[in-house]
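Here the protein sequences line up with chains A, B and C, keeping their order. If you read the first sequence in my numbering, its first letter stands for residue 1, the second for the next number, and so on. If you read the second sequence in my numbering, its first letter stands for residue 1001, the second for the next number, and so on. If you read the third sequence in my numbering, its first letter stands for residue 2001, the second for the next number, and so on.
Hints are computed from structural coordinates only; laboratory data are not their basis. All figures in this text were calculated on a predicted structure; none of them were measured in a lab. There's no promise every hint is true.
Calculated lysine-lysine pairs in the DSS-like style (CA-CA distance at most 30 Å, straight line) [as the list claims (entries may be wrong)]:
hint, chain 1, residue 1, chain 2, residue 2
1, B, 1109, B, 1141
2, A, 406, A, 18
3, A, 123, A, 18
4, C, 2229, A, 333
5, A, 406, A, 417
6, A, 406, A, 330
7, C, 2229, A, 417
8, C, 2229, A, 330
9, C, 2197, A, 123
10, A, 18, C, 2197
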Amino acid sequence: MQSLDKTQTRLEGGVSMKTAMPWIVSAVMLVLMPFIFQSNSAITIMNQMAITIVFALSYNMLLGQGGMLSFGHAVYMGVGGFVCVHVMNWDIFGSIPLPLLPLLGGIFGMILASLVGYFSTRKAGTVFAMISLGVGELIAACSVIIVVFFGGEEGVSGDRTYGMPFFGVEFLSQIEVYYLTAGWLLISALLMYLFSRTPIGRMANAVRDNPERAEFLGYSSRWVRYNSFVAAGFFAGIAGGLFAINYEILTEENLNLTTSGSILLVTFLGGVGVFFGPVVGAIVFTLLQTVLSLETEIWSLYVGALFVATVMFFPSGLAGVMQMHIVPIKLGKWRLLVMPYIVTLVPAIVCILGLSGLIEVLFHARHAAIGETEMTLFWVTFQHTEIWPWVVFALMAALGFWLARKNAPQLMEAWHKANTPDGADT
Amino acid sequence: MDLILVNLIDGLVTGLLLFMLSAGLTLIFSMMGVLNFAHASFYMLGAYFAYQISTYLGFWMGLLIAPPLVGIVGAAVERYGLRRVHQYGHVPELIFTFGLALLIEELVKFIWGNDQIPYQIPEILEGAAFSISSYDIPAYKVFMIFLSLGIFAGLLFVMTRTRVGMIIQAALSYPRTVEALGHNVPLVFMGVFGVGTALAGVAGVIAGPVLSTFPGMAFVLGSIVFVTIVIGGLGSLGGALVAALIIGWLTTFAKAYNIRMEDILTSLGFTKPEPVWDSAWADLWTLTSPQIADILPYLLMILILVFRPYGLFGKRDV
Amino acid sequence: MTAALDIQGLRKSFGQTEIIRGIDLSIGRGERHAIIGPNGAGKSTLFNLITARFPPTSGSVSLHGRNLQGLAPYQINRLGLSRSFQITNIFPKMSVFENVRCALLWAQGYRYSFWNMVSRSRALTEGAEAILDQINLLQRRDLPAGVLSYAEQRALEIGITIAGGADVIMLDEPTAGMSHSETDYIVELIRTVTEGKTLVMVEHDMGVVFGLADRISVLVYGEIIATGKPADVRANARVQEAYLGAALEADH
């Protein structure tokens, strides 16, 4: 989609094949996914993924497109979701088709954002971040005070099947919900993409890069930010509506800092500089969460470490790293990279596995119930009191590190070559 | 009257604690332009380090050793983490410190487990220091007040009376010039970051036993600390002090006096719907001040930002 | 006919120090006016006062007879005044083309619209390309602006400044930090792109503006000591003294 980003700047009479292609492919993929992954748990994960994608894309309207770092974006999703779940409990719900419900969530997310945005978008940067944090915490804390709306500690639950049947579909099964969610995902992603192509969307980028300059082009930076903020609130509310339909319950957890923080993590991991970055982030993060949380108790330690490492070494995120390979591919020199990647990344992976092995054994030794010394790791069962697991993991870590480090210059060199057009070498 | 005095002391303890955290945060912010989201995590580390040391050497050695340890960790974070991220700009820096806060919490859980740990006040400070009519003032609170005041006095002395303090103050406003004069500004930055986090560490050591020491303690206090410096005005030390005290007293008094919305509404001439539970306004009628004590700082922040966008004492265009 | 830009009794103090000490200046429509002066004369401060980046201590600035007091930068821009910056001030992460296109949006009436696609507008694309052509950056259109050379960035800065079609163009030291050949290039560029517009530019060096400006004002210690045709100003005894004095001081 990024290559599209660039060609898009050229004048094209209408919607060209090149711009439409990624969307058509995505739509076909969304339709076909349930036929490939048929199990119930897979569909549950895909629903979760789709909701996270909408939420992360909405978050990136602020962070990536508008340069606003929010620590409280969950409240717009949460409030949108709470409204939807309340509607499910009203009599009028019987005359509303369920697929329209997320729209209502979006509208309420937008209303809340238009109120908060009034004072929070005055400045970007640190001030905006702190205000978003304060407002987020305030609304999260309100959930135990305004019980009528937030339902206190139990939250509010509803039943989606009471809605008006939509062409005979009553949304009893997960798969029906999947297609509803996928449809909204496609619509919202397309709308958000188109938003970034409008004058106000372009100016959001300009204000992000240089608010003062934008002012001298006739645009009020504050008003540009406000518009992005309200639009982001709308799409967060849609994500909230989808959440309400999918889980049929909303609690304080949907509003708090943990949720706001994890969407920052998802978006940044995917890459804030590219439109589809958050999509990558949401998919990878959901898979990672599902797989790791099954395998280890301390998965959030790994996620935290991964996040910090991303910020430090790959600030453009996964999508940014993917994008970096466009030049070598265009130059037809990507083959140069294959061997160096293998000799560097394989030892690096061995090193990481060794380290995580050490961490797991240590964790087991410290926190397992007394007398329980047996543990299984990487399909091998052993006692953490024995010495050999420690030695093996330590050796893996040390050897992997040494090899990766030794081969890293080779990769750097290959990288440089692969990015230099022929004839430009001097 | 006596109750007011007791609450004034309680609020003062909270306020000074908040100030100890926000002072370090403000110092770091005005020097490096980065708001350290992980600041409260260093406060948590202070408590955990002190607990670990106290199990071997007792509370007092913990108080002595833990803050410098936290400061060393902080300086290392600045040297090997923040300095690297600095080139990408302030927003990635803030994201980095946020990630750091998550990571520190996970590390603490990894090492000390998910549950609260039995970190307690030393025996000598158990019991009451004195009483105001029938209210006992715990000795530990008095100790907290004097320790914080002592640290602030020391800090004030270093900043205004010593050469190091002069260099730091100059580096705050004119980093380039100070560098040109031959001072190692990156070293000064690292030092300030270390001292700022060590201050947070002290706060953790002394607050851990009373506010309980558990992995979530950083996030519980963290947001309030940020609210404090936003209210005071980013980068203003005086503002941070005023805001910390206001928040300390506001929450303490709101908790101590049970002001009920029901009374206010009735005195305004509204009639209470019966039964109140069926009314749409039930939450409003049953609202009490202890209930909303914890969200008062946030409300205050929003009010102040609407009317004074730069906080109470902030001038700086951030 | 009202002047394009009219400055009356303008003063500005920072703390105790008065930087601008009472300036009266009237710049007519279509005039190319240069404000020159030695370092520390207050040129940039005056510039920022005119464009309301700083509020004046007293006095007023009017654009086409309309007082600019208390207006935000974007409002001033909409009244037809566009400015460049001394420190290059572009949108570094956006492409060169997008930089110029953003500068066209308001002028072409797109305002805050979210129902138009920028890439669908022929007028926007052609307008932006015409400007890129004028500033000789057409081959660079798809590069991120941040990777351009310094002189190219300055040219882009001028391109952004004129793109909106404002009739009063203000340039803040457009040739600062440039070599001789680059300076000549930029001066030529300024001459062509400001054809028929009111130009106010601040410069350090009299030589740069000599062939370009219709009138020159010399600013020394916050006061205008001379205004007039370039040749007259150069012959002015006080101007020579000010410049020579500054040169002598610099020697010590």
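Hints versus structure:
1. Annotation: proposed proximity of residue 1109 (chain B) to residue 1141 (chain B) holds, straight-line Cα distance about 28 Å (limit 30 Å).
2. Restraint check: the Cα-Cα separation between residue 406 (chain A) and residue 18 (chain A) comes to about 42 Å, which exceeds 30 Å; the hinted pair is violated.
3. Proposed proximity of residue 123 (chain A) and residue 18 (chain A) is contradicted: the alpha carbons are some 37 Å apart, above 30 Å.
4. Among the hinted pairs, residue 2229 (chain C) with residue 333 (chain A) is inconsistent with the structure: their alpha-carbon atoms are about 61 Å apart, more than 30 Å.
5. Restraint check: the Cα-Cα separation between residue 406 (chain A) and residue 417 (chain A) comes to about 19 Å, which is no more than 30 Å; the hinted pair holds.
6. Note on residue 406 (chain A) and residue 330 (chain A): the hinted pairing holds, with a Cα-Cα distance of about 29 Å set against a maximum of 30 Å.
7. For a cut-off of 30 Å, the pair hint linking residue 2229 (chain C) to residue 417 (chain A) is broken: about 58 Å separates their Cα positions.
8. Distance restraint check for residue 2229 (chain C) and residue 330 (chain A): the Cα-Cα separation of roughly 57 Å exceeds the 30 Å cut-off, and the hinted pair is therefore not satisfied.
9. Between residue 2197 (chain C) and residue 123 (chain A), the direct Cα distance comes to roughly 34 Å. Violation of the 30 Å bound is thereby established for this hinted pair.
10. Of the supplied pair hints, the one linking residue 18 (chain A) and residue 2197 (chain C) is violated, its CA atoms being roughly 42 Å apart against a limit of 30 Å.
Going down the numbered hints, you'll see the structure goes against 2, 3, 4, 7, 8, 9, 10, while the others check out.
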